[in-house]
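Modelling step: build the complete structure from the supplied sequences, incorporating the hints.
Protein chains in written order, with numbering that gives the first Met the number 0: chain A, 0 to 272; chain B, 0 to 286; chain C, 0 to 341.
There is no bait here: all hints are sound.
So the derived label-pair ranges between C-beta atoms look like this: (1) B/105 / C/149: 30 to 36 angstroms; (2) C/312 / B/58: 21 to 27 angstroms; (3) B/39 / C/312: 49 to 55 angstroms; (4) C/120 / B/272: 50 to 56 angstroms; (5) C/120 / B/39: 36 to 42 angstroms; (6) B/275 / A/57: 39 to 45 angstroms; (7) C/118 / B/54: 16 to 22 angstroms; (8) B/188 / A/57: 32 to 38 angstroms; (9) A/121 / B/125: 40 to 46 angstroms; (10) B/32 / C/176: 53 to 59 angstroms; (11) B/261 / C/270: 58 to 64 angstroms.
It is worth saying that the hints were derived from the structure and are not from the lab.
Since this is a predicted model, take the numbers as computed values, not measurements.
A virtual CB, placed ideally from N, CA and C, is assigned to each residue, including glycine.
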Amino acid sequence: METVSTPGAQATSGGDGPLLRVEHVGIDYVTGGRRVTAVGDVSFEVRPREKIILLGPSGCGKSTLLKAIAGFLQPSAGRISVAGRDRLRPGPDRAVVFQEFDQLFPWRTVADNVAYPLRVTGRPRAEAAQVAARFVEMTGLTPAADRYPHQLSGGMKQRVAIARALALDPTILLMDEPFGSLDAQTRTRLQRELNEIVARTHVTLLFVTHSIQEAILLGDRVVVLSHSPSSVREIVDVSAIADPDAEAFVHVRRKLRGLLARDGEEVEGGVDD
Amino acid sequence: MASTTDVGTTGGTTASGRSATQQVDRRTWGSLPGWLRRVILLAVLLALWQLAATLNETEPASIVGPWPTAQAFVEGWADGDLASSTLTTMRLLGLSMLIGMAVAAVLTTFAQWTRLGQDVLTLLTSILNPLPGIAVLPFAILWFGLSESAIVFVVANAVVWPIAANISTGFRTVPPTLTMVGRNLGLRGVRLVRDVLIPAALPSIITGLKTGWAFGWRTIIAAEIVFGVSGAKGGLGFYINDARTFLNVDAGFAGIVSIAIIGIALESAFGLLERRTVVRWGMKALA
Amino acid sequence: MSLISKFRRSPCGALTLVLLATLTAACGGSDAESTGEGSGTAAAASSGDKITIGYQPGIGYAQLLIMKQEGWLQEALGGRQVEYRSLTSGADIRDGMISGDIQIGAGGIGPFLVGYDKGVKWKLLSALEDSDIWLMAKDPRLTNLEAFGPGDKIALPGPDSIQAVVVKRAAQEQLGDPAKLDANMVKLAHPEALQSLLSGQVAAHMTSPPFQFQEQDQGARKLLGSADVFGQHTFNSVFVREEYQAENKDVTDAVYAQVERATKLINDDPKAAAAILEKESGGQLKAADAERYLTDPSTTYTTEPHGFMAFATFMQDIGLIENAPSTWQDLVFDNLKGLKGS
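The following block contains the structure:
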């Protein structure tokens, strides 16, 4: 990685300082008249072109944290800033890919689903179509460009969502367990494709998952969260590890599993997927 | 059509031993092309109608057969009586639909934005939706006089609740993810409603309009029968009642046939709209 | 057999049956609607001995109301069951007679002539009265028919009613076009029309006694009388189907005799007749008012039919009916043929 900055060294958000800063963030929400703390106290940073994984057990609040970063909800404590700005509202600079297949507009074709956000953000129609076509091609969707979402498989739908988010050229791409509803084979294939695309586009990535394997395969660093109300247990560097059969991979996997298991829970999906 | 036949035969199969004959039955009827089956059923229907007319013993006849009805139908449309009645009915219904849709839009907007609005809408629809629209006609006459306004009020009232209820349901059942995608793009307010919420709620919106139209159609015919403006300005309900008053049974039947045909035509128009939009987009299964 | 059961079980078959049921219901609708009973022939067959007399609200049916209150017809027929049924329009009564629910009908000239034209084989058993029926209005702006704008509604019982025919005739005479006021006509039963006129919902009411008197009492003015356009004419009459008359001569003779008896009572002793009418109305109609209505010069109670030819000719002229009788005697049973009708 080209980035040489270290956490804390850059208080101001300069050229290659941290793109995203999460500082002592806590998130409460009210459900059934009861106040629940989803995120306790979380801090981490994402530098440009980094691929950061938020790994944690189900229900640890990692998706909630991602939604706060996307601007859908405000943290109850602490501060989230992107490129120096905080008090965030939702915006295309933090394009989100969700887990749910219904995130596509059913009334728009694949090409249109990718092109529409570009038009919303002010690009002329022809340019939007052109850019969209490039990302549709990049995600291998060109043959399906004129189809409607309901005619696509789950894997293809997620590809469209990725193409749509990438086409927006986001400052940081937020992905909320995007492969969580896919079968194992499709998931593996999409993980590989995502790695290739991220390498080509140099996009900064914040990726939420509860799968240890996925975290190691996709991430540079893994932010391991504890059980809710979550805090950062440890940030593990996995940038050099890609081959699942390598000893280092097995080693890191064991380490991450150990970190997750400290809550005394079974680690779900942590071994084989 | 094939699936409906299936349901029929399945319903008839009580013992497994009978399924063989059922299979044969299915092949004889079900293997006919759909249009032919419809034509045969229509012919049977017409024959039964003719039979009813033949067996009718009153003097003069209180049931006329298909042929005199067809003649009266052609005559009524040719001399403009049926056409102008139809026009009147459609004009009033159209106006009522517009008013109904506008009121429904305002109500659902309030329901979408405020909790109070939602409670008010829920209360109003639960009270007024099951109420047959025609029930308020006596009071509409009291408030608006014996005018078209009274009919428009009654029909608009019949139309607004199913539309409002369905649109509101449609908005509330928009997948939250889709709304988040819209907000993620920076969409807010009117643009979010127009570009995301309305298309996402379109199946319910169309269902609402379809139900509203069906309610309105029944109500306006009934209202026109209860009180029609005499002379040239009455609608189809008035036309039927007028035909009955003057014992023109054939003209009355022609009016009923016209109402049925318009009903089928508009129903098909909605069907076409659905096939072109929500069915094509996989948001609604083909009925 | 299995084919039929399959037909009935399959959705298509069921649909056909439903459609058929709907169709027959729609066909029978016009009959069933007015009478609340089943389809025509069945009702005709089952009505048996019972005699149902259909009439409408109003002092114009005074003879029938007296007969009803005093039970004269039951008495004359040796205790046979007689039912008096009040309906709101001549068309309702006619449809009840076609379907066989009503044997003796009473109503205005209009529906009677429309039925005659359309092949209802019926004739007059008796007229009830000659009456000048009035067009009433309240708004001082409305002084004649020319003053009526498109929004000025004229309430009347139906497009076939004698009231509608009178308005058309007046429109022809005064405005040059019998259809000129068609769009102003609104179908309303007299009691509602009275309320609507007084509350300003309608501009005018082509009415009948006693409503015209009541409206006059409450500030409405007479714009027009039917006698002005048709001369002296019958308002209501009693009619019976020829088939029924032929088979039940005892009944029709008794009805006519009792109508004559009531007519005589009204003319000879209006006070006594008025007292009966008060009782009949359950006290709603005061005897003093009833007496005033019965003796008003605008109405003459008589069984002799008048003006039928004038109405029939005019209705034929403007296309309301196609067939007019060549003489008034074609319209009546033998019991009236000796009278000086018209």
